[in-house]
Amino acid sequence: MSQGRFVAKRVLQGVGVVWGVVSIVFLLRFITPGSAINAVAPLDADQETRQAIARELGLDQPLHVQYGDYLVSLLQGDMGFSYVRGQEVTTLVFSKVPATVELAVAATVVAIGLSIPLGVVSATRRNQPVDWLATLFSLAGISTPNFWLGIMLILVLAVQLGIFQTSGRAVAAVEVAAAVVGPASFVKTLRLWLAHITLPAVALGTYFTALVTRLTRSGMLDELGKPYVRAARAKGLPEAMVRYKHALRNTLIPVITVLGLQLGTLIGGAVITEAVFSWPGLGTLVIRSINLRDWPVLQGSLIVIGTSFVLVNILVDVVYSSLDPRVVND
Amino acid sequence: MPDVSDAPTFDDDVLVAVRDLSTRFFTEEGQVNAVEGVSFEVRDNEVVGIVGESGSGKSVTALSLIDLVDSPGEITGGEVWYRDAELAEEFAGSDAVVGDHVDLRRVPATVRRSLRGSSFSMIFQDPMSSLNPSVTVGEQIAEAVEVQRRAKGNPRRTRSRTQGYGLGRLLVDAVLPTRSYTDEESHARAIELLEQVGIPDPAERADEYPHQFSGGMLQRAMIAQALAGEPDVLIADEPTTALDVTIQAQILDILRELQESGETSVVMITHDLGVIARMCDRVGVMYAGEIVERGRLADVFDDPIHPYTQGLLGSVPDLEDPAARLQPIEGNVPSLLDREMPEGCYFADRCPKAMADCRQPVPEYDGTASEEHAVQCVLANREYDPAVGLNDTDGVIDDTDSVTDDTDGATGDGVVSGE
Amino acid sequence: MVSDRVRRNLASEFRSSVLAKLGVVLVLLVVFVAIFAPFVAPHNPTTQDLDNAERPPLGIVQTEERTTSEMVDGEVQTVTETVTIRPDAAHPLGTDGLGRDMLSRVIYGARTSLIVGVLGTVLAAAVGVPVGLIAGYYRGRIDDGLMRFADVSLAFPSLVLAIALIGLWGRASVAVPDPFVAAGFAQEMPATFVLPGTVIVVVGVVNWVWFARIARGEALSLRDQEYVKAARALGADDGRIIAGHVLPNAITPIIVLGTVQVAAIILLESSLSFLGFSGTTLSWGFDISQGRDYVSSGQWWIAGMPGLAIMVAVIGINLIGDWLRDALDPGIQGEGGA
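Chains as they are written, first to last, in my numbering: chain A, 1 to 330; chain B, 331 to 749; chain C, 750 to 1087.
Careful: at least some of the hints might be erroneous.
Stated by the list, open to error - Stretches of chain C that chain A covers, calculated by requiring three or more beta carbons in the stretch to come under 8 Å of a beta carbon on chain A:
| no. | stretch |
| --- | --- |
| 1 | 830-836 |
| 2 | 882-892 |
| 3 | 1039-1050 |
| 4 | 1054-1062 |
Honestly, the hints are just simulated from the structure, not real lab data.
Even glycine gets a Cβ: it sits at the ideal position worked out from N, Cα and C.
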């Protein structure tokens, strides 16, 4: 099948998964101890409010009707109303998404940018000092809780050395991009942005970096031992080309599949990192919603998180299919 | 061991002369002597065969020729003389040059590397695993073409590791299936080469991936790739072992044509005596890392002197007398670990004609029939004398009719015992 | 179930690898400390001692400026003095904000992490492996259903799902009597130990899918093996085949996954404790969250020590995982555990 059909098939599967995600979140409402109204109404709501909520949510309706209504509202972009905060869930959740996306993307870019070269160098200079350092670093990296790493980074780089900010997000990445052409000083905006995002991105990205370094290294070692590498050298190809165009490319294929799965860890890690650095994103929203018992927002956030995970995985599969022709050209 | 004189001379038609080549592997378990003092020649327009069991060192010999031995292996000694007038001129005056011949072991490694694909080319046993599964066949052949094209543009001395393939292009190529290194011209040439080896619809097949080819087709594609640089020597390491018998014949025909058209000499590495008989002009028999007997095909096959060669030939089923018992060679291939190898002839423990003198290192002697026939065995000069025999045998090896008679049309079933 | 060849591979890999030995040493240390906590810990980890608060670990001298305000003659006077706090050998790793001994807290924290890690993994495996084996062996609708469900579960990052579930279900925990204290030893140590029940269950629920996937994969490839067909031909019922033939051969990747999972669950538990979603306060993650506020005044050890403990434990487990993977089958991608 062509790549187009493959993508279409994956998208279809993705839709199915999203439907599953949405349904499970729906069911979560009913496993809250106490009645389902508790899932929506704030603790201190009076009887009148509770009854109004019950009516509005259609909690007196049979299950399948509730489910149908739920799906229909979702398709219209309505994720309910937060009585605790007095806002539409959809607006609230989506207002926090950009911050989390920015953090996650920054962490991913840093991670991939560091780890793949490190993994390759580690594999090609096996058992030399570079390799030992990289191996130790990546072992430590997958064994360190990222919130603790964040705290330690704050301690050393923000408190002791004063290089970075300890918390918060002053400036959005888009603002930095806009500053290239706009009125605000580009350098100033950039520095402000970096001062806030660097530590959380590093804390979040470390596990990922370490993991991908390990995978790349072991994958490269495997590939470099395969017959086609020797044959490629035999035809006179420059060594760099053998390593990168041939060996690395085949190494990346299984690495990417694992990457897709591990992105879940990244998103989960983002929740914690946001907590440590008071980064105003989706993760902070989730935690505060639980503490405030604001279930509609929690559910809305879960839906958005689950859906974006599916989307990212589809993207990963698309990249995977352009690397491995066997998937597509069967 | 053959004597390496200080100033060798070469006949004009000698293309490659290997003298006393040794390759060792320095492993955790100890030193492994994979290739020990191997000498042979490849002349213009001929097919030279190297035959032996698995573990005899024939593949490592081939890899040593083009410097493809990976660590922990190292070429530890010997000379590889290659006839190349330009190269000789470049290194004129050093002791690495004799006339038009250059000793590749004494020139810089970068020069040796630059000969891959252009002077020496290699095809491997399993085409499916010798080609990158995620790059199209056409692209891989085009790469070979392009590398050689660019090489001709640069003087060899300045050949670097990257050859202008920088970091940026490197990263891009790692992820995207672009054709930035190769261009239309090299792809067109790739298609020509595919046609030359007899692949139908070459233009379409060039855009396909290795797993979409059958074994035989892929091996042809490998040959096409190997020819991209118009090499002087094509080394074929067990090219037909993984293929069906009928396909084997086709592949061998292609190789034969190559040699006959006057462009390329072929070094055929195999364990299959039938292939040797069908293809080769001259042959070398390897055992435990050494060439124990070599010479013209007829000489070695019709008049083998070394008991191992005799044993090999004796193990071939005779089509004309299918009921005759096969004569296996007793015992097992010795370990190649340095500390475990015996003094003297390595075959002595298994040899039905071993004698007391065989415990001393045995030099290479010229055979009786012709000067070209060389054998590393004391039997070159004497008869077997049971009185000083080492193994309790009567020294008889059932030497069946020469295999060269049976090979019209079929590759024969000559498979060496112990495979 | 563990064949001789496997035993030999394990032994030879162990002998040749420094890191494997280190891993075993670290893990044994953690396990020992966790089990024998009442004997190893110098103090009761819950005992507060406000006079001794914020004491630094050995080797570090802390100076800080303390500002106190008092009412003197109707006016508020603020006095700033520089106070030097010296370490105390009785508290080699220092004390926290309430004067509790860090070393003891770290030691007892090992219990929490280990119990949650091991029990959580066992639970996840106990659910996931049978389900996976059945799905892979029978295929058909059960298999499809499982794979769909797995895809959906995996769409939620484990931490997020765990937080959501704990948020919804609450943090129930069980106070288990400490066997050593009950037997009369170490009387000054806490008599009961808190088992964070919800956390264990949630962690199991969140992670069983990984085991199911691996088990399913193995069952799929093993069901076509000759000996399985032979067993069926001899009339063995499916249950016996799965338990007696498929499972023993599938055990290797499951064990490798198990080690990865224990490490992942320890990290997960510490994250949950850090966020306050655990049922116990005697946990490394909890201490880190307490210590966070002290970082800005330079008192790093309250958050630092528990974090180092986590690293030690997880590094040890990962090294063992590497050892197992190298010895049993270098081809396993053991990184599939979040």
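- Item | Which numbered hints fail | 1, 2
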